[in-house]
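Go ahead and model the full structure; you've got the sequences and the hints to work with.
So the sequence lines, in the order shown, correspond to chains A and B. Note that the working numbering has the first sequence beginning at 384, numbered continuously upward. Note that the working numbering has the second sequence beginning at 384, numbered continuously upward.
Read the hints as simulated data drawn from the structure, not as lab findings. What you are looking at is a predicted structure, and each value in this text was computed from that prediction instead of being measured. Mixed in with the good hints there might be a few duds.
With the Cβ distance kept under 8 Å, some of the chain B side facing chain A (calculated, not the full set) [said to hold, decoys possible]:
#1 D394
#2 A461
#3 H464
#4 L468
#5 L473
#6 K508
Heads up, the beta-carbon is just placed ideally off N, CA and C, and yes, glycines get one too.
Protein chains: 2
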Amino acid sequence: MRNILIKISYDGSYFHGWQIQENAHTVQEEFQSALYKIIGEKADIKACSRTDSGVHANVFCISVKTESKITPERLKGALNHFFPLYMACLSAEEVPLDFHARYSCKGKEYVYLIHNREVRDPFLKGRALHFYHKIDVEKLNKAASYYIGTHDFTSFCTQDLRKMEDMRRTVFDAKVTREGDMVKFTVSADGFLYNMVRIMVGTLIRVQEGKLKPEDIPQILEKKDRAFAGPTAPPEGLYLNKVFY
Amino acid sequence: MRNILIKISYDGSYFHGWQIQENAHTVQEEFQSALYKIIGEKADIKACSRTDSGVHANVFCISVKTESKITPERLKGALNHFFPLYMACLSAEEVPLDFHARYSCKGKEYVYLIHNREVRDPFLKGRALHFYHKIDVEKLNKAASYYIGTHDFTSFCTQDLRKMEDMRRTVFDAKVTREGDMVKFTVSADGFLYNMVRIMVGTLIRVQEGKLKPEDIPQILEKKDRAFAGPTAPPEGLYLNKVFY
Chain A
384 MRNILIKISY DGSYFHGWQI QENAHTVQEE FQSALYKIIG EKADIKACSR TDSGVHANVF
444 CISVKTESKI TPERLKGALN HFFPLYMACL SAEEVPLDFH ARYSCKGKEY VYLIHNREVR
504 DPFLKGRALH FYHKIDVEKL NKAASYYIGT HDFTSFCTQD LRKMEDMRRT VFDAKVTREG
564 DMVKFTVSAD GFLYNMVRIM VGTLIRVQEG KLKPEDIPQI LEKKDRAFAG PTAPPEGLYL
624 NKVFY
Chain B
384 MRNILIKISY DGSYFHGWQI QENAHTVQEE FQSALYKIIG EKADIKACSR TDSGVHANVF
444 CISVKTESKI TPERLKGALN HFFPLYMACL SAEEVPLDFH ARYSCKGKEY VYLIHNREVR
504 DPFLKGRALH FYHKIDVEKL NKAASYYIGT HDFTSFCTQD LRKMEDMRRT VFDAKVTREG
564 DMVKFTVSAD GFLYNMVRIM VGTLIRVQEG KLKPEDIPQI LEKKDRAFAG PTAPPEGLYL
624 NKVFY
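Rendered as structure tokens:
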């Protein structure tokens, strides 16, 4: 038995997220289908996270336990052969047997892209949120800085049945920067709750609109109530950017 | 009667080129359909060129003669409202009545993108040619320099029924540059023959492969025979980038 860590990248606009579902095209389905063609065996696969429909991955990690003797380099080439063109295998490497793409993960970095100019860019359809009014990057960066640290992020989590879980997460860094017309929110943490980055972005947009002040963020965190944060920003601007092990 | 110059941009992977065809989705069809919804009249429209299926436009120019009294700024906003998200109106301005998007054009600039790294980028599907082997930019730039000047470009034109036309064109500039993994061929000329840029790129690829030398380009031009140039590069890397008036 060997354990292989596979890093892939994909354009999320083609997928209904990672996890296999009936009647929906998912990353897991494409991945398993390609893998089966190569190693002829239904391998035990573990993914670093589930991504939602429309969310992109600059990098996404999967660990595969297999009896196959294929070299990681050949596996990478074969996956790229069978994957659709909107998906790619970036690397494959052998890792210890106790490595688990999800449980061994020490943190992740997400990026959210906001294209900030008057006219939309046709080449960014499905790849960034288009925002018409000029964004005050300095103000939003100030707001983002309040996300840093260990907090209960209940206010930044879409309610689901996982209410029993620990809602505390440690945000290592959170910043808003601009490159030309593109405003980028970059956030890294030891873990993320459901829709956490998208609600962080929706809250930053409320700050941009003047409906919230940067200094309101600590109180929103303290409320532990989803109703006090901004809306959930659309998925198309969100990219899983780094996975830390 | 007024004449309005409209600049648009579109992701060519969604279209079968500019010109209206039966049973194919074209830019002209989307443009005319949006315009009709706004001005309620079948206006006389002239385009700067026909682009082929899969070819992109960072900018594409259309002149519209209309009786409508709509301001250019409102027309721009309305077009963006009715256009699909993979298409945008960049600007609209009133121009003299004798202005013609095609005949008034003094030249154009095209860019061809080659993504040059081992693994493809899923976000560049349909947007760049993927080339695995490391490209020698200096050598290709040398080859491209031979395109500059006034030449008969018969060798760089897909044969069609337009054989009567003058095959001489003046290339103002032609260069190959690299930004990270992206190799870019930029060429400007007073006009382009059918498939001219794509055959120029196919020929540069033959130079990269060592099947041609940069110094062979002048002889290929002199042959005035399509058979001596390289293949026609695929449309997905090609962008109409500038239109000069």
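Results for each hint:
no., hint, result
1, D394, "holds (5 Å)"
2, A461, "violated (13 Å)"
3, H464, "violated (11 Å)"
4, L468, "holds (4 Å)"
5, L473, "holds (6 Å)"
6, K508, "holds (4 Å)"
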